[in-house]
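J.: Going line by line, the protein sequences match chains R and V.
Following our numbering, the numbering of the first sequence begins with 1335 at its first residue and continues without gaps.
Following our numbering, the numbering of the second sequence begins with 1335 at its first residue and continues without gaps.
Do not rely on the hints blindly, as some may be mistaken.
[Stated by the list, open to error] Dumping the calculated EDC-like pairs for lysine to aspartate or glutamate here, alpha-carbon to alpha-carbon at most 20 Å: (1) V:K1774 x V:D1538; (2) R:K1361 x V:D1649; (3) R:K1454 x V:D1538; (4) R:K1392 x V:E1436; (5) V:K1454 x R:D1649; (6) V:K1349 x R:D1790; (7) V:K1361 x R:E1436.
To be clear, the hints were calculated from the coordinates, so they are not data collected in a lab.
Number of protein chains: 2
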Amino acid sequence: MRGLTVDALNPSILKVQYAVRGELAIKAEAYRERLKQPDHGLPFDKVISSNIGNPQQKGLDQPPITFNRQVAALMEWPALAELAKDVFPKDVIARAKELHAETGSVGAYSHSQGVPFIRKDVAKFIEERDGYPADPNHIFLTAGASAGVSLLISMLINSPKAGILIPIPQYPLYTATLASYSGVPIPYHLDEFSEWATAPPDIDKALQSAVAEGTVPKALVVINPGNPTGAVLDELTMEHIVRLCEQYNLVLLADEVYQINLHRPTTHPFISFKKIVRQLKSPVPLVSFHSISKGVTGECGRAAGDFECTNIGEDVLALIYKMMSVGLCPPLSGQIGVDCMVRPPKPGEESHPLWEKETEGTHEALRARTKLMAERLNKLPGASCVDSPGALYLYPRLHLPKKALEAAHAAGKEVDAFYAMQLLDETGICVVPGSGFGQKEGESHYRLTCLCPGVDEYVSALENFHLRFMKRYGGL
Amino acid sequence: MRGLTVDALNPSILKVQYAVRGELAIKAEAYRERLKQPDHGLPFDKVISSNIGNPQQKGLDQPPITFNRQVAALMEWPALAELAKDVFPKDVIARAKELHAETGSVGAYSHSQGVPFIRKDVAKFIEERDGYPADPNHIFLTAGASAGVSLLISMLINSPKAGILIPIPQYPLYTATLASYSGVPIPYHLDEFSEWATAPPDIDKALQSAVAEGTVPKALVVINPGNPTGAVLDELTMEHIVRLCEQYNLVLLADEVYQINLHRPTTHPFISFKKIVRQLKSPVPLVSFHSISKGVTGECGRAAGDFECTNIGEDVLALIYKMMSVGLCPPLSGQIGVDCMVRPPKPGEESHPLWEKETEGTHEALRARTKLMAERLNKLPGASCVDSPGALYLYPRLHLPKKALEAAHAAGKEVDAFYAMQLLDETGICVVPGSGFGQKEGESHYRLTCLCPGVDEYVSALENFHLRFMKRYGGL
Chain R
1335 MRGLTVDALN PSILKVQYAV RGELAIKAEA YRERLKQPDH GLPFDKVISS
1385 NIGNPQQKGL DQPPITFNRQ VAALMEWPAL AELAKDVFPK DVIARAKELH
1435 AETGSVGAYS HSQGVPFIRK DVAKFIEERD GYPADPNHIF LTAGASAGVS
1485 LLISMLINSP KAGILIPIPQ YPLYTATLAS YSGVPIPYHL DEFSEWATAP
1535 PDIDKALQSA VAEGTVPKAL VVINPGNPTG AVLDELTMEH IVRLCEQYNL
1585 VLLADEVYQI NLHRPTTHPF ISFKKIVRQL KSPVPLVSFH SISKGVTGEC
1635 GRAAGDFECT NIGEDVLALI YKMMSVGLCP PLSGQIGVDC MVRPPKPGEE
1685 SHPLWEKETE GTHEALRART KLMAERLNKL PGASCVDSPG ALYLYPRLHL
1735 PKKALEAAHA AGKEVDAFYA MQLLDETGIC VVPGSGFGQK EGESHYRLTC
1785 LCPGVDEYVS ALENFHLRFM KRYGGL
Chain V
1335 MRGLTVDALN PSILKVQYAV RGELAIKAEA YRERLKQPDH GLPFDKVISS
1385 NIGNPQQKGL DQPPITFNRQ VAALMEWPAL AELAKDVFPK DVIARAKELH
1435 AETGSVGAYS HSQGVPFIRK DVAKFIEERD GYPADPNHIF LTAGASAGVS
1485 LLISMLINSP KAGILIPIPQ YPLYTATLAS YSGVPIPYHL DEFSEWATAP
1535 PDIDKALQSA VAEGTVPKAL VVINPGNPTG AVLDELTMEH IVRLCEQYNL
1585 VLLADEVYQI NLHRPTTHPF ISFKKIVRQL KSPVPLVSFH SISKGVTGEC
1635 GRAAGDFECT NIGEDVLALI YKMMSVGLCP PLSGQIGVDC MVRPPKPGEE
1685 SHPLWEKETE GTHEALRART KLMAERLNKL PGASCVDSPG ALYLYPRLHL
1735 PKKALEAAHA AGKEVDAFYA MQLLDETGIC VVPGSGFGQK EGESHYRLTC
1785 LCPGVDEYVS ALENFHLRFM KRYGGL
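Same shape as in the complex, but just chain R (with noise of 0.2 Å):
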């Protein structure tokens, strides 16, 4: 037999790129193992992975909520409550106990939808948050944001000339997920000159030209806060693009997992999608992703969230529903971390207290961070970086001297994926090259977390990196 070959699997599959996961997150893994040899002859003792947005990753520091962990020790055994019920807060023990009688085990599937009860408090937060209904019939509990968007995807897209909407610089999964069911992805430009932001007009000409290209829009894409761009869409930018779905009849896909990572909310606070379309009145298909993994929840190992689908109809609902049903259903673990997200502990609750500092504590950390490595890196040569006012990302680019760019054709790479190697291979720090988040032809960036503590030693790394780099190609 000839056994199985990459030539004969799908190649929609073939076509899909995530590099956030990709070459050189596989070789800092590698690093890391080999770390663990006295031996091991790397010139950094440990590797830090800034390449993907991993709170409580080992070696970063925002701590999880406590409140979510005791709550979720008591679902995974309901008897603690009893035989270590002085460790507890009375709150704690009151909402395990309200969740089991709704959920009962949290190894059982529960409705496909999620548990109608954790649904119920995601319409309320949604309210309180927006001053509109929500309708728990419309909220879907997800394992994750991702999961959601990529059922999504695969459900609008309807022929190879179906086409999505997609910032550029983007987060890799929109374009993977459209590889992977042969969707034509319409790229439009955010604008680094004003700060990343958005520009319906451009949006427009894109799909101006992909209609006349005789693709066919279906859907439009915005993160906000952006990913990797950290920019947050004010409330004109917002009431243009719904005008534009309700011009072009386009599906609004508003990924908007970063929504309380806010580093200068007076000035640069997050609007929903989903109180704007009820503003307008507009009768714009909306669907709002929504995540535990960010935030200052940041349980990313827990794949949880939820979307809620505004303005689609009972029939699509219950396609929905029986897509969601063919995977049974949200782990129920990651249900449970929802409910504590959307309904944290009230002042005056035994646990409040705690849970102010930690997320007060968590909120302040990335915002520090996050200035001052912004500052650090608009003053190298050759680099320069928009402070972002949100999300847990910068994304600075570079301007790389051109013997980098001629080794870097030599050596059949990018220039910002040869530069990402170099750092990787010098100091253990893992970023992902602009590459792959898209770019203008010609630019350079890369996505970097402000996750790490150690702020000062983890930006002289990459300082003194930048400068050895520069220097290496006959740039300073």
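Go by the hints and put chain V onto chain R.
T.: For chain V alone, coordinates are given in the frame of chain R:
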């Protein structure tokens, strides 16, 4: 704008069918809500969800393994190991510390293929089971067997002519997933008169007619022990199946999630396809799926499992890794669950006696219930039932009167769906009609789980309904 209409969606999605959570299950959920009202007016006081193998569901009685839940609780809140150290057995604390040192926080992403340490434990489990080596690099932890199957099918379907052999009756995940990727199901029938045996000559015939019709067979699905049949394959049949895969260059997809659900292990032991492939020194590419949802673990809500690739090249493995990485990683609490499943407490360890008692209790309860239910169903007029040697189900056949067929036809339903709907309406028992699993033209079956406690009351309700139904339509 026109909004989002069903006819604008991916037509493959519309063709997906998944009866296990279909019309009947949705109605059962609605009844469950209605029963909360004092004046519900229903002729039963509880809903019994026999439609799905969900051992830890409320009202069913398969308890979680205490060891697994104690480890999970400590992973959620590691401080408990100090704060409540007298409450936990010593081996539990040691296991949680060992896992924590390897995985870090359960709230962090892991390696996309699963925590390397846990994959090593899975490899050891497979080696001890089969007597052949297993490579942790060829093992992928998953968000459950369904997620793994779906990934493999998405990779194998490379054109609308690509087909996959599916046993009939089957677990409808297979046809649902094939439909969503526009692949061709190639049915092969199991033989009810030989206790649902798999006949390799029938598979060969199915292959020949598929090829004659222009279908390109890519893979063969075997579910062993069977779902819904509970049949357990013998070694000779398995060898024939492997030879067929060699002959037709097929990937063998072995769904082995019920591998320890054996009611008569002496006469009907489980043998893995990995063992057969190695014994035969066969080059057949094999993907073997396992899960923590079934067996004695029964942790459906954790959504976790693993698959092992045998005879699959590094280039294809790299593609599988890439696709897993787009989904980031399997949920950590599920990965922890896999570790506990493949590495239970050993004799001499503090948790072993309780673990043994719990697992034996679960095996014995299932074995006794399956036997009793099959006996009583076999005594009913117009019903016959193969006494399953494995898995969690029975799949009785109904021989229904002509008037029932006419009434079902008039109602626009298959007669087994018609029967199952009346069963639900009159008794609160939810089963899945055979039309959801596939059966020969003109036959009627249903699948029910053997997980329900109070088996006498439950089977009596089934019997009484069946006799009423038969009388109602002139069958008695």
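J.: Please go over all the hints and tell whether each is borne out by the structure.
T.: A quick look at each hint next to the structure:
1. V:K1774 x V:D1538: Given that 20 Å is the threshold and the Cα spacing comes to 18 Å, the pair holds.
2. R:K1361 x V:D1649: holds, 17 Å
3. R:K1454 x V:D1538: violated, 52 Å
4. R:K1392 x V:E1436: Holds. K1392 (chain R) to E1436 (chain V) sits at ~10 Å (cutoff 20 Å).
5. V:K1454 x R:D1649: Violated. K1454 (chain V) to D1649 (chain R) sits at ~46 Å, over the 20 Å cutoff.
6. V:K1349 x R:D1790: With a Cα-Cα distance of about 56 Å, the restraint between K1349 (chain V) and D1790 (chain R) is violated, given a limit of 20 Å.
7. V:K1361 x R:E1436: Status holds; Cα separation ~19 Å.
Of the numbered hints stated above, those contradicted by the structure are hints 3, 5 and 6, listed in ascending order.
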